[in-house]
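Now for the letters of each chain:
Protein chains: 4
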Amino acid sequence: MLNFLNDYEYGCIPEIIDLMEKVNNQTFSPFGKDPYTKWAREIVQSKMPNTKVDIHFVYGGTLANLVMVRSALKSYESIIAVDTAHVTRGEAGAVEATGHKIVVIKSVDAKLTKKTIREAYLTQMAHPGHMTYPKAVFMSNATEYGTAYTRKEIEDIRAVCDEFGMYLIMDGIRLGSALMSNGVDYTLDDIARWCDMFVLGGTKYGALFGEAVCISNPELQTNFRFAMKQSGAIFEKGWLLGIQFVGLFKDDAFYKVAQHELEMADQLQKLLLELKYPLYIKSTTNQIFIYVTPEEREYLKKYVLFEDWEMNEYYIAIRFVTSWRTTLEEIQQLTVILKQAKQYKKN
Amino acid sequence: MLNFLNDYEYGCIPEIIDLMEKVNNQTFSPFGKDPYTKWAREIVQSKMPNTKVDIHFVYGGTLANLVMVRSALKSYESIIAVDTAHVTRGEAGAVEATGHKIVVIKSVDAKLTKKTIREAYLTQMAHPGHMTYPKAVFMSNATEYGTAYTRKEIEDIRAVCDEFGMYLIMDGIRLGSALMSNGVDYTLDDIARWCDMFVLGGTKYGALFGEAVCISNPELQTNFRFAMKQSGAIFEKGWLLGIQFVGLFKDDAFYKVAQHELEMADQLQKLLLELKYPLYIKSTTNQIFIYVTPEEREYLKKYVLFEDWEMNEYYIAIRFVTSWRTTLEEIQQLTVILKQAKQYKKN
Amino acid sequence: MLNFLNDYEYGCIPEIIDLMEKVNNQTFSPFGKDPYTKWAREIVQSKMPNTKVDIHFVYGGTLANLVMVRSALKSYESIIAVDTAHVTRGEAGAVEATGHKIVVIKSVDAKLTKKTIREAYLTQMAHPGHMTYPKAVFMSNATEYGTAYTRKEIEDIRAVCDEFGMYLIMDGIRLGSALMSNGVDYTLDDIARWCDMFVLGGTKYGALFGEAVCISNPELQTNFRFAMKQSGAIFEKGWLLGIQFVGLFKDDAFYKVAQHELEMADQLQKLLLELKYPLYIKSTTNQIFIYVTPEEREYLKKYVLFEDWEMNEYYIAIRFVTSWRTTLEEIQQLTVILKQAKQYKKN
Amino acid sequence: MLNFLNDYEYGCIPEIIDLMEKVNNQTFSPFGKDPYTKWAREIVQSKMPNTKVDIHFVYGGTLANLVMVRSALKSYESIIAVDTAHVTRGEAGAVEATGHKIVVIKSVDAKLTKKTIREAYLTQMAHPGHMTYPKAVFMSNATEYGTAYTRKEIEDIRAVCDEFGMYLIMDGIRLGSALMSNGVDYTLDDIARWCDMFVLGGTKYGALFGEAVCISNPELQTNFRFAMKQSGAIFEKGWLLGIQFVGLFKDDAFYKVAQHELEMADQLQKLLLELKYPLYIKSTTNQIFIYVTPEEREYLKKYVLFEDWEMNEYYIAIRFVTSWRTTLEEIQQLTVILKQAKQYKKN
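Chains as they are written, first to last, in the working numbering: chain A, 274 to 620; chain B, 274 to 620; chain C, 274 to 620; chain D, 274 to 620.
If you are wondering where the hints come from, they were derived from the structure by calculation, not from laboratory data. Treat the hints with care, since some could be wrong.
Chain copies aren't distinguished; within one or between two, either way the pair holds.
Claimed, not checked - Below 27 Å or equal to it, Euclidean Cα-Cα: the simulated DSS-like pairs (lysine-lysine) are:
no.: 1; residue 1: Lys387; residue 2: Lys575
no.: 2; residue 1: Lys543; residue 2: Lys555
no.: 3; residue 1: Lys311; residue 2: Lys574
no.: 4; residue 1: Lys529; residue 2: Lys379
no.: 5; residue 1: Lys306; residue 2: Lys574
no.: 6; residue 1: Lys388; residue 2: Lys347
no.: 7; residue 1: Lys379; residue 2: Lys615
Sequences are here, hints too, so could you generate the full structure?
This is the structure in structure tokens:
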């Protein structure tokens, strides 16, 4: 069975499993006070030479997001996010469970825009004290629909944040895909400058687990570990998280994996267009979305794992994701199956 | 200056202020263990002869809403409500501050429908454990846009609740207006039967303050006062709340006030139609909404207090509210001003 | 039946009920934007000429306390309070419900001391990030056991707060009793200077309801109303709260009531000593605590309402509270009964 | 440098690292829907043949504890725990951050007793609705001070829980040490029967990470994964957690490690007694506590890593912990150093 279901269904890249074996008999201080965590911080920081960031490693994405929100906001403050954001609809109310409202706005290509942010802010503040105080813009980059923000878009959003005194927080669980995306000309260094706080995701790029919370804004750096502990987010054997990021960044495996995922996805999207499968959305990252007929879907289900993205009375949209383990051979096999699906007639 | 701004800008009806004076020199057990609270409970219960309800008095609406949600839900459960609901956009994130998400759905005439509830529920439960568990439908009746639910609509919603094991909770801060609304054929007794828990509002009908939380569902009756105390919602001199509801219900002042507000509003809406002011929404309660031109608005502002309901680049909608103190004379005066506004030309 | 149960079992002083009647037919802006609220703020501020405070009126004490904590603290911050504090054991977990821990320390005469605060702070910070970050000292003055802090004690506590960067928050639900207490030489003006934020209670001094939250620290003044609304603490007919404090402060009824309560209590405490009732604690405010035998208690129960403060296998302690309605005649009657109780033999 | 600092400063046992390598190139369904998680559940369940438990794997202890509390309790309910419990003083307010109070009682040998639980419950319920509703007893076994509960003690506590309708929840992060403790005659099967919900810890027994939450009470089994997701506690590559518990339980490594830690600790405690070091508390698990003089401490610091447990003006208590990697040789070396420390004179 071909597998295009997700990018977190595999173990880790060799660099990481090798390190884990190597150090398994060693002794380390717990809670992240070990040399690997230190080293990981230094390498990640070196990718952002112009901004001093505090870096904390957390095992997973939802936990990283909720700790960021909890640590940055006062009780009556809210975040602004789009309806399609993971934080809005994929985290079982984790943000609300910390007591904060998500002011939800309708996305354009799964993105926030300066216009929609501005409107959301002004609406909340039209009757100060009756609604929440929007204190942070919370954006996913890459988005959950495979798009990546352009430099111009992020700069515009940063400008709105500055205008209204809001933080810019980025869920970068697939930030690697955004950075490698065609047409994207910014780097991690730009991200660190634009955002007050962001997640640099490891899990989707060949780590076993682990996301790095990077905090650029000094006023958000204070006491972050209290918020982590309060949320159960301090890893006992913290060096394991350090090792993930040493493995990802010491020889740029992170970028190579992201690049590989993107090339595979790019190939796939081109082939899909040639095969006349209509795109649900134009992706520039490692998640590809197409419309299929019920027959096509039925045929594909026999040979390929993929996610049903949206199914309703009008259409079916499905998603393919490429991972660090996806090969060109698999793309070719998928192409054959997709071709056959076009001919398939349901009995 | 004529005042059509709101229905809570006045003191209380004579029945209540007289009682307050009368008992001011008496001594009472605090925290609601007094004869007036007991009496108030009995009279309110008598309006719902077929359903045994627990009744608790709370000083205000937002507090009543948040206590209901907090007491009824487990941490991971959410409520379903419309975008226009007070609980969604007028309470500064009070529900989220108790840790619960509001699953927001787009309203039709400020109402929930069985269709939109069903969709919202199924979407949340499509990937169980990734989204919240919707455990209650939270509806305002009358709505914030002056509409009232019909018997059929509520019965349909109750049926969806039963199908999915959800509670039906009603924010009845203006329930009096709904009950007196033209075309509404249900009573408080029906409400008690349909809802698991609801607010019966006093403030908008001539009380100084106070809303009654009525709990029909025995499993929600247990320990409600713990949730109240935890929220700071136990009134020390509780008899004052009892007195409000004795005053409202012992000779049906509640219904008379609601009826009066409705008649005044009805008159006003008819006159507005005669004057060719387009309705923003067809109201059947004491809140009336029309579109006005910038010139009309400017003229009205000189002589009348009202609320700007929605102002954008396309149109202006304003709201008039009638209260227990509104007189026919005031309606007539407003009519004259509205006529003049039509002729007004900005210099 | 004589009533020494509490100081909130009566209506309000004449100054207030008269005002309420007088304005009942008037129209006011809701939510505290009315002339009475403005006036009340001005009079209360005039009692603290040397410190500019923001003043917000809330209907009750638990709600005032939880809003203060929620508005002042970040998620991982805690408050330090004694085991006997109302906030610790009389509010059903209201502080914890806002997500904050109370670091509880054993009281000395129901008071915090600089020594116990210092120890509590240092313990929490011994392993930074494993325990909470204590950000506020939360003290009741007068205490729940009838004692009042001296100038020296508060100045010492303020010094510890300054040393560790903590706020000083005061639950002054019975602040009037502290201010009038024998041996207390400070004023409301000192309180405003010492505390970052405090409650000035009205309910116990002849108001129908209402406590004033006074905020001296400018960094805590910002956005306080958001925290209020989020907690359901914005009164719709806000002028009613304004009226309470106008009534209490325009001719110093507040101080007179507090003084009267104190004199009555003082008389009572002296008589109790003469009658050889052992004091449970030496009170300097309007709450008096004595030990009684089971027989004495049984006799007293027949003629007097009072609270059983502590009952265990070793002793019984009971509490008498004087109120603005307590008369000298009642004290004399109580004395007689207390004398008889000494002679009473259980059959 | 000898290391007796903790039992979580090492990698994992060979059984686990081998499995991790073996499966690193395989593909798995995420979120715990993989064969290793299934297998792990089956083996763990097989240790509790008489009680059907739901088993969920969480990466760490604080997170496990907060998810248990959040999922089991309604908003106004509290847990009863001792002052020395990790949940009380080592988790940065994680329980309170879920909105629940910990009713703290003074421990006897770091333990709860039926007497102290009963008192705590009755005190909270003396004025129902003014304090919290204690709904769960939360006990650590083994305790944080190296003691383990006896069968009798747990049965007594269970009886109090039954009497008052409370859940019994166990933080078993070091449950292995309790089960292997001298004098303990109960098994995991008994624990499952006594507790409504408990943590079976893996990290302290040679896992890289991971604790199992076991739920015996069917009414607490429902929807637990919602509470997990809401807390960021669903591991993406869930098979890694499964592997930890397969490694620990398929050939009983868990019990062997626990047994080994205990034997090492037992040896050490005996030697300490021979050397006349006074015990701070009599331990029956893998944590050993002694009093030392400042000179002894100073000397030990040069050669051994250990934790300063309590330091005050009266005494110094320190802790040694044995781990799965501790050898008899290390115990012997430590003995020599401890002997030398006795002779050491500070210059």
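Structure-based check of all given hints:
no., hint, result
1, Lys387 / Lys575, "neither (44 Å within a copy, 36 Å between copies)"
2, Lys543 / Lys555, "within (11 Å within a copy, 52 Å between copies)"
3, Lys311 / Lys574, "between (46 Å within a copy, 24 Å between copies)"
4, Lys529 / Lys379, "neither (34 Å within a copy, 43 Å between copies)"
5, Lys306 / Lys574, "between (47 Å within a copy, 19 Å between copies)"
6, Lys388 / Lys347, "within (25 Å within a copy, 30 Å between copies)"
7, Lys379 / Lys615, "neither (34 Å within a copy, 37 Å between copies)"
Violated hints for the displayed structure, listed by number in ascending order: 1, 4 and 7.
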